[in-house]
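Engineer: One letter stands for each residue in the lines below.
Number of protein chains: 2
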Amino acid sequence: MKVGLNKQKIIESAANMADEKGFANITLKVLATELGIKSPSLYKHFSGGLDELNKELMLYGWHYLDGEITKAVIGKSKDDAVIAFCYTYRKFVLEHKGLFEAMQWYNMYLSEEHLQATVGTVSVLFQVLDAYGLTEEQKVHTVRMLRAFLQGFSTIESHGGYGNPVSLNDTFDFALKTILNGIADLQGGTAQ
Amino acid sequence: MKVGLNKQKIIESAANMADEKGFANITLKVLATELGIKSPSLYKHFSGGLDELNKELMLYGWHYLDGEITKAVIGKSKDDAVIAFCYTYRKFVLEHKGLFEAMQWYNMYLSEEHLQATVGTVSVLFQVLDAYGLTEEQKVHTVRMLRAFLQGFSTIESHGGYGNPVSLNDTFDFALKTILNGIADLQGGTAQ
DNA sequence: TATAATAGCTAATAAGATTAGCTAAATAAT
DNA sequence: ATTATTTAGCTAATCTTATTAGCTATTATA
Numbered sequence: 085m086k087v088g089l090n091k092q093k094i095i096e097s098a099a100n101m102a103d104e105k106g107f108a109n110i111t112l113k114v115l116a117t118e119l120g121i122k123s124p125s126l127y128k129h130f131s132g133g134l135d136e137l138n139k140e141l142m143l144y145g146w147h148y149l150d151g152e153i154t155k156a157v158i159g160k161s162k163d164d165a166v167i168a169f170c171y172t173y174r175k176f177v178l179e180h181k182g183l184f185e186a187m188q189w190y191n192m193y194l195s196e197e198h199l200q201a202t203v204g205t206v207s208v209l210f211q212v213l214d215a216y217g218l219t220e221e222q223k224v225h226t227v228r229m230l231r232a233f234l235q236g237f238s239t240i241e242s243h244g245g246y247g248n249p250v251s252l253n254d255t256f257d258f259a260l261k262t263i264l265n266g267i268a269d270l271q272g273g274t275a276q
Numbered sequence: 085m086k087v088g089l090n091k092q093k094i095i096e097s098a099a100n101m102a103d104e105k106g107f108a109n110i111t112l113k114v115l116a117t118e119l120g121i122k123s124p125s126l127y128k129h130f131s132g133g134l135d136e137l138n139k140e141l142m143l144y145g146w147h148y149l150d151g152e153i154t155k156a157v158i159g160k161s162k163d164d165a166v167i168a169f170c171y172t173y174r175k176f177v178l179e180h181k182g183l184f185e186a187m188q189w190y191n192m193y194l195s196e197e198h199l200q201a202t203v204g205t206v207s208v209l210f211q212v213l214d215a216y217g218l219t220e221e222q223k224v225h226t227v228r229m230l231r232a233f234l235q236g237f238s239t240i241e242s243h244g245g246y247g248n249p250v251s252l253n254d255t256f257d258f259a260l261k262t263i264l265n266g267i268a269d270l271q272g273g274t275a276q
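Going line by line, the protein sequences match chains A and B.
For the first sequence, the positions run 85 to 276 when the working numbering is used.
For the second sequence, the positions run 85 to 276 when the working numbering is used.
Derived from the structure by calculation, the hints contain no laboratory data.
Incorrect hints may have been included.
No copy labels: a pair is met if it fits in one copy or bridges any two.
Heads up, simulated DSSO-like pairs for lysine-lysine below, C-alpha to C-alpha not over 30 Å straight-line [as the list claims (entries may be wrong)]:
1. 91 with 139
2. 261 with 160
3. 105 with 139
4. 175 with 139
5. 113 with 139
6. 113 with 86
7. 86 with 160
8. 93 with 181
9. 181 with 105
Construct all of the structure, not just a fragment, from the sequences and the given hints.
Structural biologist: See the structure below:
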């Protein structure tokens, strides 16, 4: 009784399940049940089993985020573009907590593959920063700082790791302002 | 043939194993073998099984980091103290990659426990920031921003996620400078 | 219409976590 | 010292999940 599945449908289903139940709670059995098949049948789509599925989930997540960010940034420049980038990133993580876990998780096992996956997102950030007239090295530093902050903030926030009642929106704005001021200072000629 | 184990020894062994083989590759079987016992015997020390062991590993890691940071910060103030804090954090993660995975990993499952664990480290940071005469809210924002940056940077760095040849030390210094400048601006009276 | 490929299935294997119940060593109580 | 109790180990057995092998019906192709 062929259900008519394919990689794409399975990955999307796994992504939804990750967001609902948490990435760590995805098993081939429960995923298969959800899809109306038995778990060994998943190997017809992912011969590499769970490991391959997780990898695909990671790639899917980064491409997804990539698309969201690209849409958000189009037509904006400079600070507006950076802010749109960061807000979209943060929003994505809050809305796709489980998928984001997959995006980071796999990172821990296959750097090379992960590097490829993040290339899209990172290169959008590079393009956004082109408008500021920074040196290549300054751009690299800024991209890395932004990535670090966004990943750290989103991870901590989405897991309830910030235990203070002060508004998280305010903190996010505060941090962006700090970073954007830093970029402005670089332009001001005080380039180190 | 009582080996004479206790929680502390087991946790330290697990921490070393995590750093050597990676957190995800710790199994009760291999840990037990390493310790010279059989895996069911571990339940005499951790009735909650792997889950409890992981939780203890997380707590151990945060206390460990806490101690290192406290030592590093003693006798320093203001920027020197912040810089010492950040360098110690980063160094710790590079030297204890596997343990740090545990510290973050558990985070994903037991927020309340994790909150308690990080209290020590976070409160040191708060004390360091006391010297700047910021408002409580500004301090909270700054602590959160630093935590986010440090966690994100260290995670990405330790997993080889930064694929550019530009010096990571330079990026780290660049980012600290940016954040410290931000703090300086707050003191300058331009408090928002 | 015959053939091949595909996507599903069931049954079986293997690895790991966990539980139950046993035993010897260490410790505490008489 | 001797007895009683706790403790820390063990083996055997169970459960869950991933994975492999081999079968079958449907779909697509020649």
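Engineer: The structure should be examined with respect to each hint, and the outcome stated for every one.
Structural biologist: A quick look at each hint next to the structure:
{"no.": "1", "hint": "91 with 139", "in the structure": "within (12 Å within a copy, 35 Å between copies)"}
{"no.": "2", "hint": "261 with 160", "in the structure": "both (17 Å within a copy, 28 Å between copies)"}
{"no.": "3", "hint": "105 with 139", "in the structure": "both (18 Å within a copy, 20 Å between copies)"}
{"no.": "4", "hint": "175 with 139", "in the structure": "both (23 Å within a copy, 29 Å between copies)"}
{"no.": "5", "hint": "113 with 139", "in the structure": "both (18 Å within a copy, 26 Å between copies)"}
{"no.": "6", "hint": "113 with 86", "in the structure": "within (18 Å within a copy, 40 Å between copies)"}
{"no.": "7", "hint": "86 with 160", "in the structure": "neither (47 Å within a copy, 68 Å between copies)"}
{"no.": "8", "hint": "93 with 181", "in the structure": "within (19 Å within a copy, 35 Å between copies)"}
{"no.": "9", "hint": "181 with 105", "in the structure": "both (10 Å within a copy, 27 Å between copies)"}
When each numbered hint is compared with the structure, a violation occurs for hint 7 only.
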